[in-house]
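Using the sequences and the accompanying hints, generate a full structural model.
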Amino acid sequence: MEAQRCPMCGQANPPHLEVCQYCQARLKPLWVEPSEGSGSAVEDGIARSKAPLEPDEPLVPEWLRTDRMQIDEGASFNAEELGQEEPLFPEEPLDTDDFLGGMFSDEPLGDQGEDVPEWLRSLREDSAAAERPLQSAKSADQDLPIPFWLDFDEGAAEEVPPQSPSAIEKVPPFKEQPFEDIDIDSAIFPSEQEAGEKLTSEEPRAVSPFETFEPFLFTEQPSQLVEDSTSEPEAAEVSSKEGKTSPPAAEGDWMSEIPPWLETLPGEEWMESETAEKEIPPEFLQGAVPPFVETDEELSEIEFPAWLDQVERSIEPELDTVIESLTPPAVERLTTMEEEKGEVPKERPEALLEEEDAVEMVGPLHGLRGVLPAEPLVAEPKKPSKALSELLLTDKQRAQAELFLRMIEEEGKPQPIPPSRRAKPHLLWRVLIFLVLFAAAAVGLVLRPFSSAPQELSVGVFDAMQAVNQLPAEAVVFLVVDIEGSDFAEMLATTNALLDQMMIKGAFFVVVSANQTGALQADRLLREVSRLNGHKVQPSSGWLNLGYLPGGVAGMQAFAQSLPQILPNTVDGEAAWQDKRLQNIRSLADFPLVIVITEDSTRARQWIEQLKGQVSEARLVFAVSAQVEPVLRPYYEANPRHIQSVLAGIRDGAIYETQSARPGWAMQLWDAYTLTALVAAGLIILGALVYFLIGLLVGRKPPVEGKTS
Amino acid sequence: MMQSFLRSPFSTLITFITGMVVLLGYFIDVDPLNVLRSRFLQWTVLLAAVALMLGVFNLMRVHWKRLKESSIKAIYSFAFFGGFLLALAVGGLLGVQHSLTRAVIDFVIIPIETSLFVVILVSLVYALTRLLQSRLSAFSFVFLVTVVFSIIGSIPLLGIEIPFLQGGDGILSLMTRVLGTAGVRGLLIGVALGSVLTGIRVLLGLDRPYGE
Amino acid sequence: MSNGIGLLIFIALSILMIFFTVAQRKKPFTLRELAAFQRLRRAIGLAVEDGKGIHVTLGRGTVLSENLASALIGLGVLKRLTTVALIGDHPPIATSGEGSLMLLAQDCLRGTHRRLGLEPQNLPQKALLAGTTPYAYAVGSQMELRDGRVAVDLLIGHFGNEAALICDVAHQQGNLIIAGSDDLTAQSVFAAAATHPLYGEEVYAAVAYMDGDALQRASLQTQDVARWVIILFLIIASVVKLVGL
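Residue numbers (our numbering), protein chains in the order written: chain A, 908 to 1616; chain B, -3 to 208; chain C, 5 to 249.
The hints are simulated quantities; they were obtained by calculation from the structure and are not laboratory data.
Since this is a predicted model, take the numbers as computed values, not measurements.
The reader is advised that the hints may include incorrect statements.
[To be verified] Cβ pair distances, simulated, as ranges:
| no. | chain 1 | residue 1 | chain 2 | residue 2 | range |
| --- | --- | --- | --- | --- | --- |
| 1 | B | P159 | A | R1355 | 21 to 27 Å |
| 2 | B | A83 | A | L1593 | 40 to 46 Å |
| 3 | A | Q1472 | B | P159 | 51 to 57 Å |
| 4 | A | E1317 | B | F74 | 39 to 45 Å |
| 5 | B | P107 | A | Q1472 | 35 to 41 Å |
| 6 | B | G179 | A | E1481 | 44 to 50 Å |
| 7 | A | A1349 | B | F135 | 34 to 40 Å |
| 8 | B | I71 | A | R1355 | 40 to 46 Å |
| 9 | B | P28 | A | I1411 | 45 to 51 Å |
| 10 | C | K245 | B | G201 | 37 to 43 Å |
| 11 | A | E1316 | B | S67 | 30 to 36 Å |
| 12 | A | A1349 | B | F23 | 54 to 60 Å |
The beta-carbon is built from N, C-alpha and C at its ideal position, and this holds for glycine as well.
This is how it looks when you write it as structure tokens:
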């Protein structure tokens, strides 16, 4: 035989008992409605729920009778009145308004004209007091899990039977979320004020005796009885009603009692898979987890691993404290009494004393005496305690979990970019370098401590002097000036003597530049040379500025091949080649001397290569910065030469001035130049030694890789 | 349409033909080839000038955007537009020979660029002093010694030229001229080879560093 | 005579390169290790992880001169770097000192984005003309480095001594500086100021070290062969001249 479950306390009882051995509630109803269908429990349950029942049925309360009348009138019900809402349960018109009408109604439950039995009305006083902890836990109630059968989707709506008209009137149309507009907490658990109003209005609330939330955790229940109850018609009825009227008390409980008719509802697959996952451990866990057991004896025979014992020992003290904190007041009292060596409590609740002698007036327990009040102690509609969803953790586990959560949260947060470890710029050392060099230049320029001049005669200077000396008077000289502003001082010192000598001979300059600011620099260079050496050469009379020659090498080549076509005008817009001094000039070969002044080694090389073949080597002189000299020297020292001469830097300029006996700008800079160069060499030696020693003392660091290292 | 054309083999063919015309025109002295080569070069010069203008417009666009963003760089953009308008007004309207243009060159451009040159000097001296610490190797040591010798070899030591060490026939000058020139030649040969091979790759359409 | 030799050299190098390309596809040879590119590979990965940018300084080589060759190498490096850096959604910033080079850089970035199915954002700010004169270019490039969003600075192209200004700021920012140029002045500057200077023709090997393409390797191989030929020629010519033949 299979055990039967008490509809009041939920405990399993032997099948032969008619009264629950735990709560003395009747297990078997006094009146059983004859089944119209098959004898199966499911069909029986469905038939019972959808039976119209006679109006004069004595057990049916007034509110239920009214609803059934509305169902009968439901033939005239037009589903279109619902708008977009489709009828629920179209194929099986269950009478669900007994709970849906209450849940989905905006009206207070007490105003629905429900028939509350006398015994329950008297218990309202206690229930109102019991509402307080429920209200305090209201925030937690927001997370009330909706069972799968309530979590239907649109596709499953076709299988849902239609509601009664009363329910249709009260239930707001579903939107996207089935219970979006419903305050389930207030509907199921009325507030304290509402409870007080119900008590004062003397309208008893129609609470189903099965609308219970059992404190499942704190009761002992044989596990083998869980599945058996589904075979019993009564139990099936109970479970089906319980499933419809109240959320499940615990997952393992209500899921094991799912009647077959619920198996057709959506979520069946989920349930099955969930069950399968619970029953069959995965392969990798087999052997690692204890086998599933059915009885305590089997449980005692199992040898649990050592780690599990350790965990058990570690959590036992905490488990006690957690249970204490989670125990409802009544159970807490009972626990306290048990701790007092089983003494009978001296003070029992008066409500309990009264109810023990009270006679049931309505419901399946009608006429019984001494029925344990279900509502205040056992059947109080409340959710499972919050502790059910909490894990029991040791401090270490909790700390690790918190650490893990913190790590996850920090991963999600945008981290500020840490300040990069920049290489130390050694600002002080740089400032010191600048100050020392500046002081050396200033001393050399102002004091001129050495008053010396380069003694030797450079070969390049000698060749340049020869080229200038061979110039006829008032010759037209082609001048390429490719210098930047930063190199102007050096180039002025380098070319001062050269240009001065040519100005003395009345040379006329045709100036062109292959960089953007070169034309401006050329104009300034000639003016400065004229001013420094006392000439009165003016732009129009002394030189002709053709301006910027675009196109790089291609421009140089094209210009070298056809001067007038490429640059026909001066920078002032005048026709350049109409000048009478240029009447005989049509190509570069017509110039007696071509001088390239540049500080750019690439530009110097380009001019050499593009002027090759257009200008005789004997007429090509380069005045360049000292940094360009190594590049040009191969061309100058080649045999045969590619260029006539190279004047490189301040040194050659000073030599030229010395040799021409006209000290000028180069000689003024010479002392400053030598002193500064000497100081720079000293700084390099000193600094290199210091940094080298620092590197040895501190320890060699890897090469500076910057932020990425 | 235009993009597909540019991606098509026709673009590679055009590159090859124009490149070969200019190259062969340099090597082979034939009149039709020279004329075609000169025409291509003139077009190239014009396109280069247009590219420079486009570059200036791009520069203005970037700085205008930074000016609108009001970032910390906006002050530089403000200075850029100020300088640009000043140079355009003075150089473009008044001409190169005007006294105001000369003043801009003398008192703005030259001082700024000279100061930058001083910064280069300080930076190089600083970098050389840290060379042995940041990159200790035989090459660094040789490089440092060469730099110092080159400087000392090019100037008289406190006004006095040391015989056999300085001067045109001195050891330092010889080292600079012979070793330096030889090294420069070797480097230039390597650079020239690399340039030629890069040009061949592009000319034959084997390599296309730009585009897709 | 010299023109004919020049044409002969051109043809010989072309044939050699094509031959080596075919040979490379069959059996690639191993490149000698260059510390600069080993470091560059690691630094690029770290920069992408850090969300830092890469700054490619293309120099001021013009389309109309032979120094465009080094700029083309810079463009090739930019193209490869963009492909890698787009993983971190930080395409490189390319600054140039010449208008035509800026257009090529923009074309390079645009093409790489589209090849990856992306649409380039703020292209004028990613490939910009920093300045038209050397110092203006250097100062303009410095501005791209000063905000600390760049971790790697590659200077590959044609420069002068103004490259020292760029290297100085990059060093102050703690960037990895890999620099190479066809200009000897710039090379001497890089020897002192760059983290990893590339000397002589090493700059032309940059793409081969980043790509591993058969053509690039064949180009390097051709370069090596041609150099040995030149060395042999110089030695033989010197001996012949010394002997007096």
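Hint check results:
no.	hint	verdict
1	B:P159 <-> A:R1355: 21 to 27 Å	holds, 24 Å
2	B:A83 <-> A:L1593: 40 to 46 Å	holds, 43 Å
3	A:Q1472 <-> B:P159: 51 to 57 Å	holds, 56 Å
4	A:E1317 <-> B:F74: 39 to 45 Å	holds, 41 Å
5	B:P107 <-> A:Q1472: 35 to 41 Å	holds, 38 Å
6	B:G179 <-> A:E1481: 44 to 50 Å	holds, 47 Å
7	A:A1349 <-> B:F135: 34 to 40 Å	holds, 36 Å
8	B:I71 <-> A:R1355: 40 to 46 Å	holds, 42 Å
9	B:P28 <-> A:I1411: 45 to 51 Å	holds, 48 Å
10	C:K245 <-> B:G201: 37 to 43 Å	holds, 41 Å
11	A:E1316 <-> B:S67: 30 to 36 Å	holds, 32 Å
12	A:A1349 <-> B:F23: 54 to 60 Å	holds, 55 Å
The structure agrees with every numbered hint stated previously.
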